[in-house]
Amino acid sequence: MGPVTTYCCGPNNRGVAIYKDKVYMGTLDAKLVALDAKTGSLIWETEIADPELGYSETMAPTVVDGKVLIGTNGGEYGIRGFVRAYDADTGELVWNFHTIPEDSVGEWATHDATGKDMHRDIEAEKAALAKLGDPYKTLGGGVWQNPAVDLKTKRIYFVVGNPSPDLDGSIRPGDNLYTDSLVSVDLNTGEYVCHFQYIAHDVWDLDAVSPPILVDVKDNDGNTVPGVIHGGKTGNVYIHNRDDCSLIRFSEAMVDQTGMWSLPTPEGTPMLPGANGGVEWSVMSVNPDLGLTYAVNLHQPMTYHVESSPYPGGKLWLGGAFKVIPDSDQFGNVTAVDYNTGKIKWQKKTPLPMMGGTLATAGGLVFTGEGDGWFRAYDAENGEVLWSFFAGAGVNAPATAYSVDGKEYIVVGAGGNTQIDFKRGNNIIAFTVD
Amino acid sequence: MLHVSRRAVCAAFLIGSTLFAGSGSAEEFNLEEKVKLCATCHGADGVPINKQTPVIWGQNEGYFYLQLRDFKRGTRKNPLMEPIAAPLEKKDMYALAAYFTKKKWPNLGQPPAPASVAAKADSAVRSVGCRGCHLDHFQGDGTTARLAGQSREYLLATMLAFRDGSRGNNPGMSNLMSATPEDDFEALAEYLAGLQIDQYLGHGR
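Protein chains in written order, with the numbering used here: chain A, 410 to 843; chain B, 309 to 513.
These are computed hints drawn from the structure, not numbers from a lab.
You may find that some hints are simply not true.
To be verified - Derived BS3-like pairs: lysine-lysine, alpha-carbon spacing no greater than 27 angstroms straight-line:
#1 832/A <-> 428/B
#2 428/B <-> 342/B
#3 410/B <-> 440/A
#4 398/B <-> 440/A
#5 546/A <-> 380/B
#6 627/A <-> 440/A
As the list claims (entries may be wrong) - Selected chain B positions facing chain A (in silico; Cβ < 8 angstroms):
#7 369
#8 386
#9 405
#10 450
#11 474
#12 478
#13 479
#14 484
#15 487
Fair warning: this is a prediction, and the values are worked out from it, not measured in the lab.
Where is the CB? At the ideal position from N, CA and C, for every residue including glycine.
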């Protein structure tokens, strides 16, 4: 790896992909590498983008139909985001989809997906647009997490992160398409299919970062349709129709949203949720028998500060700051949401804000870990804690399940977390289910 | 006050540094000679000659490179460092960064902050989430600076320079410093300067 790495929120890697005889991995200096799965030796390496301009890779690639799919980080550095497909054998670029179109202005939406007023000053934005032009070249729109792939329709679904700079909207007029959106493109060509924007012209960094999940859902007429669901940093779960990305419903708020959407000020405006969101990168999981999805949440009161500065050429570009309110109460939740009604089925409070994700098993369990080192199994139906294990360091990654010769295993990493400073560790722990 | 004393130091060294920079510019880059030049201010044993000059031994490689790049571009201003960076090519900057990052961070003998100061600093640190980027022991990584054990006077001056915009090569850091109350900076500088982290880094790099 080269010496220049410009990533957000501490060095981290969200995983590798295995396909045929190779292992694929993105690097912090924005390269994609293919390794021989048996020997670990390098087969090919591609520079995805220039890390000196703020590009980095922390996401796991997704490999499907001979293509390696990968996005980019950099919404804190003024990049222009994308999702790309590379040839799994050769590393050649197959297609590129810009998450920021050349016309990023949109329709001047005044309310978010849940109908809340975002207090945009549309007149001022229109004046800024006339003066500055479309800000698409440095508008951010990183893609943090894996797309969901619909193999039947050959479409992929992913969510696009915040606009750059995070908190200062004055120099990026318009809806800032497709930031803070669910987007679908064609798996074979990368061509646009549909999108749905949750927050137009976001100035809170309450973007879309938890990976979408494909699941059959009930539409508003009670028919079962192919759906796609996503847990927003807003603290709502959004349920979409997979056909056209349209929003079928959104869930009750899983976290306190007091003050939403108060505009950031130079002195700082308090608002909930804090900038780590209601749901951060944490992955959700579903139990289709129960019609429930499981999310982990954060409650961290913060003040949002704005301060304008011009594009700094690949350096941190936040347009302000988020500050935790000292001595405020912080905690987390594990929440089960009925995606067919939007209602919260159960919710359990945890002592620390939650970052990692959930694993739901067919046997009716939900596994998730906490920043203080506890890894627990909950009853999928009612949230009762059925089992706990102390891992010694923050369990801030989702667990996964596998079986070998019919024996089932649950495996989880206990590495802690940099972003909210949970105890670091270096263990991968596997459990058997007897 | 701070600015006055900084200027005084700058003036004293300007003559020396322009001479060095002048002699090197036309010729081939010679790492050994450059390292000797750096040592005149940053110290032959890694301990800088004065408190306004930062430790560069053991600093993170990406951060080191970007600072030289920024001094050359003029996005980071300093009358001593700009002429030194001016003749350097990208590969020379990489070579210097690779050389200095392998050196052992020196102990400047700055005492750990007393508990009351550490508590004040820690509250500021938690509020902005400094450790989210500078990491758990303020060792930094990649293009984020190591702060632990850095010269207290330098830390204070550079944080205030981010705050008032006179250090303009990282608006993100400037934003964070503006959001930090003015009377937290003394405590932050004293706390960071007094951190001894060799034990966490294993072998002191």
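Which earlier hints turn out false for this structure, listed by number in ascending order? Violated: hints 2, 6, 8 and 11.
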